[in-house]
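On the provided structure of chain A, position chain B as indicated by the hints.
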Amino acid sequence: MELLDRYLQAIRRHLPWRRQDDIIAELRANLEAQLEDKQTELGRKLTDAEMEAWVKQLGSPLQVAARYQPQQYLIGPALFPTYRFVLRLAFGWCAVIYTIAKTVEIVANGLSLEAWVGALAQLPWVLFINAAVVTLIFAILERSGVKLPEPSAQGAAMGTDWPQGVVSPFDARLDERKKPKTYAQAVIEVIAGWIVLGWLLLVPHYPFLLMGPGAIYLKVTPFQLAPVWWTFYWCVVVLSALELAWHIVDLLRDRWQGPHRVQHLVKLVLGLVPLLVVLAAPGRALVVLKNPTDAAHVALLAQINNGIYRGFEVIAAIVFLQLVWMAGRMSLEAYRRRLAAQ
Amino acid sequence: MTLAENLFENLRLELRRGCLTLAVLAQLRQEHYGYTLRKALAARGMEIDENTLYPLLRRLEAQGLLTSEWREEDKRNKRFYRLSTDGKEIFTRLLKEWNDINTAITNLL
Numbered sequence: 000m001e002l003l004d005r006y007l008q009a010i011r012r013h014l015p016w017r018r019q020d021d022i023i024a025e026l027r028a029n030l031e032a033q034l035e036d037k038q039t040e041l042g043r044k045l046t047d048a049e050m051e052a053w054v055k056q057l058g059s060p061l062q063v064a065a066r067y068q069p070q071q072y073l074i075g076p077a078l079f080p081t082y083r084f085v086l087r088l089a090f091g092w093c094a095v096i097y098t099i100a101k102t103v104e105i106v107a108n109g110l111s112l113e114a115w116v117g118a119l120a121q122l123p124w125v126l127f128i129n130a131a132v133v134t135l136i137f138a139i140l141e142r143s144g145v146k147l148p149e150p151s152a153q154g155a156a157m158g159t160d161w162p163q164g165v166v167s168p169f170d171a172r173l174d175e176r177k178k179p180k181t182y183a184q185a186v187i188e189v190i191a192g193w194i195v196l197g198w199l200l201l202v203p204h205y206p207f208l209l210m211g212p213g214a215i216y217l218k219v220t221p222f223q224l225a226p227v228w229w230t231f232y233w234c235v236v237v238l239s240a241l242e243l244a245w246h247i248v249d250l251l252r253d254r255w256q257g258p259h260r261v262q263h264l265v266k267l268v269l270g271l272v273p274l275l276v277v278l279a280a281p282g283r284a285l286v287v288l289k290n291p292t293d294a295a296h297v298a299l300l301a302q303i304n305n306g307i308y309r310g311f312e313v314i315a316a317i318v319f320l321q322l323v324w325m326a327g328r329m330s331l332e333a334y335r336r337r338l339a340a341q
Numbered sequence: 000m001t002l003a004e005n006l007f008e009n010l011r012l013e014l015r016r017g018c019l020t021l022a023v024l025a026q027l028r029q030e031h032y033g034y035t036l037r038k039a040l041a042a043r044g045m046e047i048d049e050n051t052l053y054p055l056l057r058r059l060e061a062q063g064l065l066t067s068e069w070r071e072e073d074k075r076n077k078r079f080y081r082l083s084t085d086g087k088e089i090f091t092r093l094l095k096e097w098n099d100i101n102t103a104i105t106n107l108l
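The listed protein sequences derive, respectively, from chains A and B.
Residues 0 to 341, numbered by numbering that gives the first Met the number 0, are exactly what the first sequence covers, in order.
Residues 0 to 108, numbered by numbering that gives the first Met the number 0, are exactly what the second sequence covers, in order.
FYI, nobody ran anything at the bench for these hints, they're computed from the structure.
Don't take each hint at face value.
As the list claims (entries may be wrong) - Below, in silico cross-link-like pairs of lysine-lysine (DSBU-like), each with a Cα-Cα straight-line distance of 35 angstroms or less:
| id | chain 1 | residue 1 | chain 2 | residue 2 |
| --- | --- | --- | --- | --- |
| 1 | B | LYS87 | A | LYS37 |
| 2 | B | LYS74 | A | LYS44 |
| 3 | A | LYS101 | A | LYS218 |
| 4 | B | LYS38 | B | LYS74 |
| 5 | A | LYS218 | A | LYS289 |
| 6 | B | LYS74 | A | LYS55 |
| 7 | B | LYS38 | A | LYS44 |
| 8 | A | LYS266 | A | LYS101 |
| 9 | B | LYS38 | B | LYS95 |
| 10 | A | LYS289 | A | LYS101 |
| 11 | A | LYS37 | A | LYS55 |
| 12 | B | LYS87 | B | LYS38 |
| 13 | B | LYS38 | A | LYS55 |
| 14 | A | LYS37 | B | LYS38 |
| 15 | A | LYS37 | B | LYS74 |
| 16 | B | LYS74 | B | LYS87 |
| 17 | A | LYS44 | A | LYS55 |
Note that the coordinates shown come from a computational prediction; the quantities given were computed from them, not determined experimentally.
Isolated chain A, as found in the complex (with noise of 0.2 angstroms):
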């Protein structure tokens, strides 16, 4: 009994702490059960021999020990696809914020080698943190047994809705894409054109609105934006209530269903006319000194100017590849819809 005895010890270490007197008591009841059935059939009390034989036939402490450990897994098979299309998605993202902010900063800095072997460098680091961190979310959300609600588009690749072997996940992106929008959905767009627009009519008089609590720093920096901004302000607000009047009168004659690829492509060229106001700045001076003869920070001034330029520089290149590749699409679809008319 001594060696069951250790042998259930030895058990109970591996066990989770609050269900360790519990499992012990059953597994003890169990295997002396076991033991005496082996006893009578013998006639006789086992020899230590046969003892020791007998429970290293029962399996090794930590194993036995871990068939009681609730989750055997860090991300299980039922959050697993979410994870890897959520990693596949944060590492793709990841890589290219980190591509835009580096060209940026390495731009903005004046070009060098250097500079530039060092940030691909740094890039497989990045990259590893970001999993690191995605993992971690998945964890936690295992171990709290948190279920994730299917995005649609994925639940397509994942769930019930999938057409077994007929569409790719690609596909099924566009048909989502192509779905018609609900009158619910439309009206939302409504609602929400409405609050952005009231948000950006009250940033000049509340800048933490935009800002947050960075908004104090307006105050305190020897720095002031430069008259630009008013302009390209203004644009951003005609944009916004564009758009809003679009959804309206979209909503009042009933053509909320369709995909609207010419409106998206309007908003984007649409989009280009304030990000060519300031970079159309002159001097390039976005950013001014509130009192202009202070030489002291006129070396930070011209370092400051130049990187918010290069990023709007980014940014519009951004833009506009953007409306290339949709109008080349577009333009491609027109000519196969001319074609298959023939």
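Coordinates of chain B only, in the frame set by chain A:
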């Protein structure tokens, strides 16, 4: 173990996994404690390793399919399990599923 044997073993275990639950639920229509349950299953041709059976009982209880109580028997405290109300319902449904699969496989053969 050869690759084929390894593959067979994996498939066999996969096939057995669901059947074990059904067998345990079937046997626990009558009350048992761990060891007698194991013996009863073995006597009917369903051998289950103790390291599989005892944790399985706890999982099924946590899922609400079994109820248990500690009771003294033969001067020893033992934990006795039996099907809960939910367990009975699930067992009936699983049994139907099992019979359907069995019929389908028989038809295929």
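>> I'd like to know which numbered hints this structure contradicts. Please list them from smallest to largest.
In response: none
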